[in-house]
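All chains, please: the whole structure from these sequences, using the hints.
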Amino acid sequence: VANTQQYGRSIYTSGARLKQMYWNDKSVEGEPMFEKVLIANRGEIACRVIKTCRRLGIKTVAVHSEADSMAVHKRMADEAVCIGPAPTSQSYLVMDNILKAVKDTGAQAVHPGYGFLSENTKFAAALADMGVQFIGPNSKAIHAMGDKIESKRIASAAKVNMIPGHDGVVQDAEHCVKLANEIGYPVMVKATAGGGGKGMRIAWNDKECRTAFRLSSQEAASSFGDDRMLIEKFIDNPRHIEIQVLCDKHGNGVWLNERECSIQRRNQKVLEEAPSSFVDPVMRKKMGDQAVQLAKAVGYDSAGTVEFLVDSQKNFYFLEMNTRLQVEHPITEMITGIDIVHQMLRSGKGHELAYKQADVPVDGWALECRVYAEDPYKNFGMPSIGRLTKYIEPLHIPNVRCDSGIQEGSQISIYYDPMICKLVTYGASRTEALNTMVTALDSYVIKGVTHNIPLLRDIITEKTFVAGDITTKYLQKTFPDGFQGKVLSETEKHELTALAAALYAKEQLIARSFKNQSRIPMKTELPTSWKLEVHLNNEDVKLNVTTKDNKFEVQIGERVYKVADTISFSTPLMDIKVDGQSHLIQLTERLGGNRYRIRYHGTVFPISIMDEQVAQLNDYMPEKVTLDTSTVVLAPMPGVLKSVSVSVGDSVAEGQEVAVLEAMKMQNSLVVAKSGKIKKVNYKMGDTVDEGDILVELE
Numbered sequence: 001v002a003n004t005q006q007y008g009r010s011i012y013t014s015g016a017r018l019k020q021m022y023w024n025d026k027s028v029e030g031e032p033m034f035e036k037v038l039i040a041n042r043g044e045i046a047c048r049v050i051k052t053c054r055r056l057g058i059k060t061v062a063v064h065s066e067a068d069s070m071a072v073h074k075r076m077a078d079e080a081v082c083i084g085p086a087p088t089s090q091s092y093l094v095m096d097n098i099l100k101a102v103k104d105t106g107a108q109a110v111h112p113g114y115g116f117l118s119e120n121t122k123f124a125a126a127l128a129d130m131g132v133q134f135i136g137p138n139s140k141a142i143h144a145m146g147d148k149i150e151s152k153r154i155a156s157a158a159k160v161n162m163i164p165g166h167d168g169v170v171q172d173a174e175h176c177v178k179l180a181n182e183i184g185y186p187v188m189v190k191a192t193a194g195g196g197g198k199g200m201r202i203a204w205n206d207k208e209c210r211t212a213f214r215l216s217s218q219e220a221a222s223s224f225g226d227d228r229m230l231i232e233k234f235i236d237n238p239r240h241i242e243i244q245v246l247c248d249k250h251g252n253g254v255w256l257n258e259r260e261c262s263i264q265r266r267n268q269k270v271l272e273e274a275p276s277s278f279v280d281p282v283m284r285k286k287m288g289d290q291a292v293q294l295a296k297a298v299g300y301d302s303a304g305t306v307e308f309l310v311d312s313q314k315n316f317y318f319l320e321m322n323t324r325l326q327v328e329h330p331i332t333e334m335i336t337g338i339d340i341v342h343q344m345l346r347s348g349k350g351h352e353l354a355y356k357q358a359d360v361p362v363d364g365w366a367l368e369c370r371v372y373a374e375d376p377y378k379n380f381g382m383p384s385i386g387r388l389t390k391y392i393e394p395l396h397i398p399n400v401r402c403d404s405g406i407q408e409g410s411q412i413s414i415y416y417d418p419m420i421c422k423l424v425t426y427g428a429s430r431t432e433a434l435n436t437m438v439t440a441l442d443s444y445v446i447k448g449v450t451h452n453i454p455l456l457r458d459i460i461t462e463k464t465f466v467a468g469d470i471t472t473k474y475l476q477k478t479f480p481d482g483f484q485g486k487v488l489s490e491t492e493k494h495e496l497t498a499l500a501a502a503l504y505a506k507e508q509l510i511a512r513s514f515k516n517q518s519r520i521p522m523k524t525e526l527p528t529s530w531k532l533e534v535h536l537n538n539e540d541v542k543l544n545v546t547t548k549d550n551k552f553e554v555q556i557g558e559r560v561y562k563v564a565d566t567i568s569f570s571t572p573l574m575d576i577k578v579d580g581q582s583h584l585i586q587l588t589e590r591l592g593g594n595r596y597r598i599r600y601h602g603t604v605f606p607i608s609i610m611d612e613q614v615a616q617l618n619d620y621m622p623e624k625v626t627l628d629t630s631t632v633v634l635a636p637m638p639g640v641l642k643s644v645s646v647s648v649g650d651s652v653a654e655g656q657e658v659a660v661l662e663a664m665k666m667q668n669s670l671v672v673a674k675s676g677k678i679k680k681v682n683y684k685m686g687d688t689v690d691e692g693d694i695l696v697e698l699e
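Quick note on numbering: the sequence shown equals residues 1 to 699 in full-length UniProt numbering.
It is possible that part of the hints are untrue.
Stated by the list, open to error - Pairs of lysine-lysine residues, derived as DSS-like cross-links and limited to a Cα-Cα distance of at most 27 Å, are as follows:
{"no.": "1", "residue 1": "Lys-680", "residue 2": "Lys-378"}
{"no.": "2", "residue 1": "Lys-463", "residue 2": "Lys-314"}
{"no.": "3", "residue 1": "Lys-551", "residue 2": "Lys-506"}
{"no.": "4", "residue 1": "Lys-674", "residue 2": "Lys-207"}
{"no.": "5", "residue 1": "Lys-356", "residue 2": "Lys-286"}
{"no.": "6", "residue 1": "Lys-249", "residue 2": "Lys-36"}
{"no.": "7", "residue 1": "Lys-684", "residue 2": "Lys-378"}
{"no.": "8", "residue 1": "Lys-542", "residue 2": "Lys-506"}
{"no.": "9", "residue 1": "Lys-285", "residue 2": "Lys-122"}
{"no.": "10", "residue 1": "Lys-159", "residue 2": "Lys-285"}
{"no.": "11", "residue 1": "Lys-286", "residue 2": "Lys-159"}
{"no.": "12", "residue 1": "Lys-531", "residue 2": "Lys-493"}
{"no.": "13", "residue 1": "Lys-314", "residue 2": "Lys-477"}
{"no.": "14", "residue 1": "Lys-159", "residue 2": "Lys-140"}
{"no.": "15", "residue 1": "Lys-447", "residue 2": "Lys-486"}
{"no.": "16", "residue 1": "Lys-349", "residue 2": "Lys-100"}
To be verified - Label pairs and their computed distance ranges (CB to CB):
{"no.": "17", "residue 1": "Ile-694", "residue 2": "Asn-205", "range": "26 to 34 Å"}
{"no.": "18", "residue 1": "Thr-571", "residue 2": "Met-130", "range": "50 to 58 Å"}
{"no.": "19", "residue 1": "Ala-125", "residue 2": "Asp-687", "range": "34 to 42 Å"}
Derived from the structure by calculation, the hints contain no laboratory data. The C-beta atom is built at its ideal place from N, Cα and C for all residues, glycine as well.
Here it is in C-alpha cells:
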C-alpha cells in the first residue's frame with residue numbers, strides 16, 4: 001500500500017511494517033469486482049472503506065450532511081452527494097435520500113460501515129430490489145442476529161454457550177423488575193437492536209432496574225428506531241472477548257482470531273488488542289469454532305463479530321453478534337495481514353473465500369486506542385465539542401496506523417460520535433506494541449478540543465494492564481474515584497519541574513535577544529542564572545537555574561538536573577533530554593505571567609513560574625472563592641435537553657432526576673445534589689445547552 005498524502009494527512013500508514021500491512025490479503029487474479037461503491041456513512045469508517053476501494057481501483061461515492069460539506073470523507077471520494085441537514089435523523093438515517101443517491105450515481109454496491117443503517121434489514125432489502133449489492137450479510141442473517149432475543153434462540157440451538165436470561169421482550173418497567181427478581185440481580189437491561197454501548201444499563205436493585213428500562217428504551221428509540229428491550233444475568237467482573245468471522249455465499253467460513261475488548265466505560269470500548277493475553281490456542285479454537293457454527297447456522301455471508309463474556313475460569317458465554325464491520329477491525333488486520341473490507345467486497349460480489357482456517361495466522365501483536373473528543377476527568381469521558389486548531393497524527397513513528405476522518409480545522413459537533421481517531425500500533429510482541437503506543441500517544445498533537453489521551457496514556461502504562469490482568473471493571477477498580485490524571489512520582493515531579501524551569505529560562509533568553517539588528521551596534525547582557533519558585537500540583541518548589549555548556553542546570557534541593565537546550569517554541573512537540581534521558585513533552589499553552597500548560601506523560605499540568613521577588617509578593621494576593629455548585633444543576637457536556645421534569649416551586653429530594661440530556665445519542669440523567677425547592681429553571685425541553693450552563697437552581 002502506498003504511503004500517499006492527501007489534505008495534509010496520511011491516507012494510509014507509516015512504518016515499513018505497515019506499508020506491507022495487507023501482506024496476507026488474497027483474491028483470484030482477474031476475478032470481477034464492482035466498478036463503483038457508495039459508502040453510506042461518514043467520518044473515519046467512510047475514509048477506511050475508500051482507502052481499500054482506491055487500492056482496488058474501485059470508484060467511490062460519499063454521502064454527507066450539510067454539516068459535513070467540508071469533511072475529509074467527502075473530499076476523498078470520487079463523487080459526493082448531500083443527503084440532508086446535520087441531525088442524523090434527517091440525513092444519515094434517511095433511507096430514501098441514500099437510495100436516491102445510489103440511483104443518481106449509478107453505484108453498484110453500498111458499504112454501510114458501522115452504525116447508522118449498517119444493520120437495517122429494510123435498507124438491505126430496498127437495495128436488493130434496486131439490483132444493488134449490500135456489502136454485508138443477507139437480510140435474513142441481519143434480522144436473526146440483529147434481534148438479540150432471536151439471536152440467543154439461534155445460538156442456543158447451534159450449541160453456543162449461553163448466559164441465563166429471559167427469552168423474550170420486556171413489556172414495561174414493572175415487567176422488567178419482575179424478571180430481574182426471577183433471574184437475580186445484577187442484571188443487564190439492553191436494547192434488542194443496535195449496539196455500541198447505547199441502550200444498555202446494569203441494574204443492582206428494583207429502583208435502578210426501572211430507571212435502566214426507561215433510559216435504555218429511550219436511547220434505543222433515538223439511536224435505532226426500536227425501543228424493545230431484553231434482560232439477562234449480568235456476569236460480574238468478566239472479560240469481553242470477541243471473535244472476527246469471515247464467510248461467503250457458498251457456505252464457507254473462517255475465524256480471524258480474537259480481540260480483547262475489556263477496557264470499557266459505560267459499556268463502550270476504549271482500548272482493544274489482538275490477540276488476547278488471556279486466550280490460549282485451545283480456548284481460541286473453541287471460541288472460533290463456536291463463532292463459525294453460529295454464523296453457518298444463520299447462513300452468514302460476510303464479515304461479522306461474535307462477542308463473548310469470559311469468566312476467570314476461561315468459561316465463555318455468547319453475548320451477541322454484530323452483523324457489520326466492527327470499529328476495532330484494524331487490529332485483526334494487523335495480526336492476520338487480511339484486508340477485511342476487501343474480503344467483504346469479494347463476498348458481496350459472490351466470490352468464494354480465498355482462505356482456509358490454516359491460512360489465518362496470529363502474527364505479532366496490535367493495540368488500538370480510541371482517541372475521542374472527550375473529557376476523561378468526567379465519568380471517564382464526557383463529549384467535548386470544538387474545532388481542531390492544531391492536529392498532527394504520529395505517523396512519523398514506525399508501526400503506527402491512524403484511522404481517522406478529520407484534519408486540522410475539522411469541527412467536532414454535538415450531532416455525531418466524538419471519535420477523533422483509531423490509533424493502532426503493531427509489534428512483534430505485546431511489550432513492543434505497548435512501547436510504540438506510549439510514544440505515539442505522547443507524540444499526538446490535538447488542540448482545540450478536550451481529548452482522552454491522558455486516560456489512554458495512563459492505562460497502557462498501568463501495572464495491572466501491562467500484566468494483562470483486566471476485566472470490564474478495570475476502569476472502576478483502577479480509578480475508584482474517577483480518573484484524576486497522571487500521578488507523578490517524586491522523580492517525575494522533579495523532572496517536570498526542571499523542564500518547566502528550563503522553558504522559562506529559554507523564554508527569558510529569547511526575550512532579551514535581538515536578531516537582524518546590524519544597523520545599530522547593540523550589546524546585550526544575557527542572564528546566566530535565575531532564582532525561581534515553581535508551582536505544580538499545589539506545591540511550591542524553590543530552585544536555581546544556570547546556563548552551562550548548552551544546557552540548563554536546575555538545582556532542586558541537593559539534586560542538579562541537566563536539561564539539554566534543544567527547546568524550540570515553534571514546534572508543538574519537544575524532545576528534550578534530562579540527564580541524558582529523552583522526554584517527549586507538548587507545550588499546549590503559553591499563558592501570561594509565566595504560566596504554562598505542559599503535556600507530560602499524557603496529562604496536561606498547569607504550571608506557574610515566578611522569580612524570587614514576585615513569589616514573595618504573591619503571598620499577599622487574595623485567593624479566588626470556589627463556586628458552590630450544590631445548589632445548581634450544571635450541564636456536564638454540550639447536548640440537547642430531552643426532558644425537564646421540574647418546575648419553579650417544586651420540592652426535590654437529594655438524587656432526584658430533574659432533566660435528561662442527550663449528547664452523541666447517549667441519554668444522561670441529571671440529578672440534584674441536595675434536597676430543596678426549585679428557584680429557577682433556565683431551559684426547557686428541546687433546548688441546546690453548552691457545557692457548564694446552569695440548567696436548574698435551588699433556593
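Hints, verified against the model:
no., hint, result
1, Lys-680 to Lys-378, "holds, 25 Å"
2, Lys-463 to Lys-314, "holds, 22 Å"
3, Lys-551 to Lys-506, "holds, 10 Å"
4, Lys-674 to Lys-207, "holds, 19 Å"
5, Lys-356 to Lys-286, "holds, 17 Å"
6, Lys-249 to Lys-36, "holds, 21 Å"
7, Lys-684 to Lys-378, "holds, 24 Å"
8, Lys-542 to Lys-506, "holds, 18 Å"
9, Lys-285 to Lys-122, "violated, 35 Å"
10, Lys-159 to Lys-285, "holds, 15 Å"
11, Lys-286 to Lys-159, "holds, 12 Å"
12, Lys-531 to Lys-493, "holds, 19 Å"
13, Lys-314 to Lys-477, "holds, 21 Å"
14, Lys-159 to Lys-140, "holds, 20 Å"
15, Lys-447 to Lys-486, "holds, 19 Å"
16, Lys-349 to Lys-100, "holds, 22 Å"
17, Ile-694 to Asn-205: 26 to 34 Å, "holds, 31 Å"
18, Thr-571 to Met-130: 50 to 58 Å, "holds, 52 Å"
19, Ala-125 to Asp-687: 34 to 42 Å, "holds, 38 Å"
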